[in-house]
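Keeping their order, the protein sequence lines are chains X and A.
Take the first sequence: its letters are residues 72 to 398, numbered as in the working numbering.
Take the second sequence: its letters are residues -17 to 346, numbered as in the working numbering.
Keep in mind that a hint or two might mislead.
With a Cα cut of at most 20 Å, we get these calculated DMTMM-like pairs of lysine to aspartate or glutamate [said to hold, decoys possible]:
(1) X:Lys320 with A:Glu223
(2) A:Lys134 with X:Glu118
(3) A:Lys322 with X:Asp314
(4) A:Lys134 with X:Glu121
Output of the computed footprint for chain X on chain A, the stretches with three or more beta carbons under 8 Å from beta carbons of chain X [as the list claims (entries may be wrong)]:
(5) 90 to 103
(6) 121 to 130
(7) 154 to 162
(8) 324 to 334
Calculated from the structure, these hints are not laboratory results.
Ideal placement from N, C-alpha and C gives every residue a C-beta, glycine not left out.
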Amino acid sequence: MPELNLLKAVNLALRQEMRRDERVVVYGEDVGYEGGVFRATEGLQQEFGEHRSMDTPLAESAIVGTAVGMAINGMIPVVEMQFGGFVYPAFNQIISHVARMRNRSRGRYTLPMVIRFPYGGGIRALEHHSESMEALFAHIPGIKVVIPSTPYDAKGLLSSAIRSPDPVIFMEPKRIYRAFKQEVPEDDYQIPIGKAKVEQEGTDITLIAWGAMMQETRKAAAVLSEKGLSPEVIDLRTISPYDSETLVKSVKKTGRVVIVHEEPRSFGTGSELVTMLTEKAFLYLEAPPARVTGFSTIIPLPRGEQHYLPSTERIVMKALETIQFLT
Amino acid sequence: MIFENYNPLEEKRFQVMDETGNIVNPDLMPNLDEKTIIRMLRTMLQAREIDLKLVMYQRQGRMLTYAPNIGQEAATIGSISVLEKEDWMVPAYRELGAMLWRGMPLDKMFTYWYGNERGSHMAEDLKILPVSVPIASQLLHAVGIAWASKLKGTTEITITYFGDGATSQGDFSEAMNWAAAYQTPVLFICQNNQFAISMPRSKQTRAHTLAQKSVAYGMPGIQVDGNDVFAMYAASMEAAERARTGGGPSLIEAYTYRMGAHTTSDDPKRYRSDEELDSWKGKDPIARLTKYCLNKKLVSEEEIETWRKEYIAEVDQVFKQVEQNSDMKPEEIFENMYSKMTPQLQEELDDYKNYLAWKERGQQ
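Build the full structure now, drawing on both the sequences and the hints.
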């Protein structure tokens, strides 16, 4: 079984889906000949030709807008936005059409399509290259939002996204594109959209995260375990629709929860999860649900990123506070 | 050939039939059989009667906001009539005539404007996209559909409609550029009806014609008398044949006039004069084709009157049915958000049903 990093796992998923189904086409800026600025689509044009893996004009709204038409006319477009910070010119297409076409036509026109892009900070990049704005997309009814945190999951989730009859926003944590390798089966497998993963079982506190923040959260859990505590670690994996069942079950068991995300705190995904957990597990809570998040500020340029991005230590401190609450 | 001879940069406008119904450009008169010409006239008459009735229903409080097409019947019917059944239509929201031509059932159309999404559930063999409200955004869907047609190696082409205001939008530019770059088989039909709600065409852009915008994208473009159904047909047919044989997209600016309001919520008297409106009444596309047909003895005044009465009676009857069958169940709001209802949506629906049951029980 090959050991792959997250980026190579994305590439493998695209390759296998394109082999499996000739309706799958991949396109975006620098996606074809060059194979993407991160090389996520490397080799696809060579294997499948210029009609399956295309370079496009520099026009994000058009990349998404044409994908709507492609999907209506029988293709399965998997389009790339070069960076999360450049998706906004396409926002009107996403919110006004991608998310609405099925409902608007009462099921007559459906959009099996994927919009994938690298997101998040920590790579010392220029402005508009570090945002983590999943809540913006998760707030839109009619699309699904998926974020993998491991190479294995990236392949299985992207494969599911491409086979999904619903449009999927697939956000890739570019900070950990090449951070570590994992055994990724060449065999066909899918990870269901809408299911969280309990990565580590525990009884003292539930730590919920996704994407690049899983790295910090795993490290924080290790620190807590060393202190003799028993953290439960959950990778949300799908932001929308999220897996409330798994989260509620865990929090009912531990009575304490810390949610970790990179996006700005206000109106973030954490706000929704805390509300849901409060509604469904109110009498089980031993401490106020807590959040460790990016600030409700513009994400700073690289010299300030270390302040903004949640660190292992920030997660450990918040977890200890929550565990020690009224005990 | 028509496109070549009517360079939009020279501000030429293509016309075949003048305002009195005379053929002034016989060399370029399209070769249409009598049956097709009569069908064009009848569809234009039908669209006009539907518009008049729906605006009246709105005034009576029976109808919601409606966007009438009065004055633009030739622009839509002259262009849509070049399509084959396999082709796609991507509308904005002022293409009633084109939808009627393609066989869109009245009850569906009325259901949409009456405020129910069921009106946009087209039959499987009806390749029309739902009405698209955000200006110019639909042009990209047309390019994508046409691109897929090309990749699949079919001869399908796609026609898409938009107004003069849409040419100021970014999506117009992106769609035109992309369609030309990839040579996708699209007919861009710009219904220049002289107003974007209150904004006159002269203020929308410094460009002298909208058709000339095609030049920078490397695409053929032409300005056509949009109230001349024969000119619209001839230009559209040339564009369609080009698209079908791998020649890529074209832009047709249909120079026309919105004789009614933008929608029933709009009062055009606030921004344009009666004199201006009156001058365009003399160019009415239906009056023009009617004169032609009467002169050629293709139809009689009595026949036209009979058809009009039939159309009015049909609208009355279908609209009554729609009024009685347009209520929406709560489930319908949720069921088509995704291929399968998500747990969150199921929970919200159950919540709401609980509330309805509580209300039903007398709020106990």
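Quick rundown of the hints versus the structure:
This hinted pair does not check out: Lys320 of chain X and Glu223 of chain A have alpha carbons roughly 63 Å apart, beyond 20 Å. The hinted pair formed by Lys134 of chain A and Glu118 of chain X meets the criterion: a straight-line CA distance of about 18 Å does not exceed 20 Å. Taking the CA atoms of Lys322 of chain A and Asp314 of chain X, the gap is near 15 Å; set against the 20 Å cutoff, the hint holds. Between Lys134 of chain A and Glu121 of chain X, the direct Cα distance comes to roughly 13 Å. Compliance with the 20 Å bound is thereby established for this hinted pair.
Residues of the segment 90 to 103 of chain A with a Cβ under 8 Å from some Cβ of chain X number 4, which satisfies the need for three, so the listed coverage holds. Requiring three or more residues with a Cβ within less than 8 Å of a Cβ of chain X, the coverage given for the segment 121 to 130 of chain A holds, as 10 such residues are present. Residues of the segment 154 to 162 of chain A with a Cβ under 8 Å from some Cβ of chain X number 4, which satisfies the need for three, so the listed coverage holds. For the segment 324 to 334 of chain A, the proposed coverage by chain X is satisfied: 4 residues have a C-beta within less than 8 Å of a C-beta in that chain, meeting the threshold of three.
Checked against the numbered hints above, the structure breaks only hint 1 and satisfies the rest.
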